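J.: Going by our numbering, 46 is the number at position 46 of the sequence shown; the sequence numbering is gapless.
In case anyone wonders, no lab produced these hints; they're calculated from the structure. Values in this document were obtained by computation on a predicted structure and should not be read as measured data. Careful, some of the hints might be misleading.
Said to hold, decoys possible - Taking CB as the label site, the calculated pair distances span:
1) Gly35 with Phe89: 22 to 30 Å
2) Ile48 with Ile28: 18 to 26 Å
3) Trp10 with Gly101: 17 to 25 Å
4) Thr38 with His100: 22 to 30 Å
5) Ile29 with Lys111: 25 to 33 Å
6) Ile32 with Ile7: 16 to 24 Å
7) Phe40 with Ile4: 18 to 26 Å
Think of the CB as a built atom: it goes at the ideal place given N, C-alpha and C, for glycine as much as any other residue.
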Amino acid sequence: MCQIMGIDLWLRSSLPDNIYNKYRYECIINLIGIGVFTLFALISLERIAPWSGRFYAFLDPSYASKSNPLIACVGEHHPTAWSFFYSNFQMILIAIPGCHGKAYTDFNTSKLHALRDCIFVTADNLYQKS
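With the hints as extra help, turn the sequences into a complete structure.
T.: Structure follows, in structure tokens:
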């Protein structure tokens with residue numbers, strides 16, 4: 001990520017604003033397009049399996065309780081993890097992406113260290129609470 005930011009800052013300083021903005025917009029659109037194309041190509045070539053029952057069970061616990069009797073039995077006695085996940089993190093789930101975006105608009109070394117610390121502290125909290 002630091003190298004991408006360094007290349008972006010170098011391009012911004014070496015290109016005129018109108019060319020830089022056009023180039024950046026085209027790069028973002030092309031990367032999204034390449035990513036979507038690659039995803040569909042890998043799914044159609046069966047390198048990536050299509051969504052299975054496990055994926056649906058992860059998103060919707062009621063799907064698992066209907067399709068798998070063991071999960072239905074366990075699900076009656078244990079609450080789902082999503083409610084605890086959201087109650088533990090509350091507004092931080094909404095605030096972190098916005099704060100990262102704000103930090104990248106006026107990027108400097110101190111903000112890089114703050115972003116690094118935020119990422120590692122959040123990851124550490126995820127492992128401690130589970």
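J.: So, against the hints stated earlier in the document, which numbers end up violated here?
T.: none
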